[in-house]
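Visitor: These are the residues of each chain, in order.
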Amino acid sequence: MGLIREPKDVDFYVIDKPWTDKERKEFSAFIKLRKEQQKKRSARILTKKGRKVVA
Amino acid sequence: MKQILVDIEIDKLTNSIENTVSGDIFDTDVYQLFNNDGKQINKADWQFKWHEQIKLKDRETYKLVIKDNPKIIQGLISFSDQGDHIYMHLIESAKFNKGKQKIYTGVTGNLVAFACKCSFEKDYEGYLAFDAKTVLVKHYQETLYATHFKGTKMMIETPAANRLIKQYFKT
Chain Z
1 MGLIREPKDV
11 DFYVIDKPWT
21 DKERKEFSAF
31 IKLRKEQQKK
41 RSARILTKKG
51 RKVVA
Chain V
1001 MKQILVDIEI
1011 DKLTNSIENT
1021 VSGDIFDTDV
1031 YQLFNNDGKQ
1041 INKADWQFKW
1051 HEQIKLKDRE
1061 TYKLVIKDNP
1071 KIIQGLISFS
1081 DQGDHIYMHL
1091 IESAKFNKGK
1101 QKIYTGVTGN
1111 LVAFACKCSF
1121 EKDYEGYLAF
1131 DAKTVLVKHY
1141 QETLYATHFK
1151 GTKMMIETPA
1161 ANRLIKQYFK
1171 T
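Quick mapping for you: the protein sequence lines, in order, are chains Z and V.
Sequential numbering of the first sequence, starting at 1, is according to our numbering.
Sequential numbering of the second sequence, starting at 1001, is according to our numbering.
Looking at chain V on its own, in the form it has when it is part of the complex:
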């Protein structure tokens, strides 16, 4: 099997993504993608070059899927281990989860919570850094509890990471 379920308690991931029309909540799983998993990603559905991301050795790429429906990717994230924190390189919701007509909401929050959990597992106390688009800074502050570090550089610190994880993972 090419897919490897990451060794966190995925089965406890809950309240993950919500259907914007019905309001139904779907449990999700997160899988790591590897060099030869490119065929799972339809280039036309994504703005970023994820085929290139999964080939980069300095980072890990994960897909978020609805439980028992691993073929339809809801969102992707790539991040790297910086020795004392995690750096989030890219994050993107699937084409059908973008804009006013998005089918599911909560995809990116779920993936960020997952990255924070990885940060805790690496003993980085949840620290996560990323570069935000200027127009999205306010949204990151409000929805991900992120704070400014410098310029457009933002971070999620321990209390915020805990808060995110509690929102997505049963404890």
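Chain Z extracted, bound-state conformation:
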């Protein structure tokens, strides 16, 4: 457990900038892709583990 300390001379801000529909769709497609990649990675890890057990 640790605390996230921002540097003392830095104050965090974000800019409230509405995304366009195009940007939102791009981001949704990106999230979908990343989730699929993660699923495949998890499946590969499970398969590898399975092989180890069989061996």
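Simulated from the structure, these hints should not be mistaken for lab results.
By construction, the Cβ of each residue, glycine as well, lies at the ideal position given by its N, Cα and C atoms.
Heads up, some of the hints might be wrong.
Okay, the calculated bits of chain V under chain Z, using three or more residues with CB under 8 Å as the criterion [claimed, not checked]:
1. 1070-1084
2. 1088-1095
3. 1131-1138
4. 1146-1153
Following the hints, complete the assembly by docking chain V onto the known chain Z.
Guide: Same frame as chain Z, but now just chain V:
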């Protein structure tokens, strides 16, 4: 009661904010602010127009306070549900938590971790997006594990969100 404790395991929030002078760590609570909670926010203490934020129906605004001291707001965040991720509109530390003389550190990290937790609870796997000020991009990468999406658009993905939550919430 106007204040509603959000339905996450707030009592398990820990190691939240640190007094920069004494090094003491204070547990915190997060409360949602509603339309009629404007009087809790002293306009002079905040750079952003939080009174307007709490009135917007497309987003939720939360305040971070030290446990058992709900009147003194340490930081504020507003975010909206985008269907597959959370978009962080604004985040700000209280006036006394800004600059080199800030009293408490960790306020914004704590609030971002909270937003990531909300993202998990909505089954968005921790995804959080925001627009960063160019000069702060590096700091967001280093302290919040955020990554670039496009231009100044940044995101916190699942592994980073998990990492943030582990840093702030007992599991």
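Visitor: Take the hints in turn and mark each one as holding or not.
Guide: Each hint, compared with the structure:
no.	hint	result
1	1070-1084	holds (count 3)
2	1088-1095	holds (count 6)
3	1131-1138	holds (count 4)
4	1146-1153	holds (count 4)
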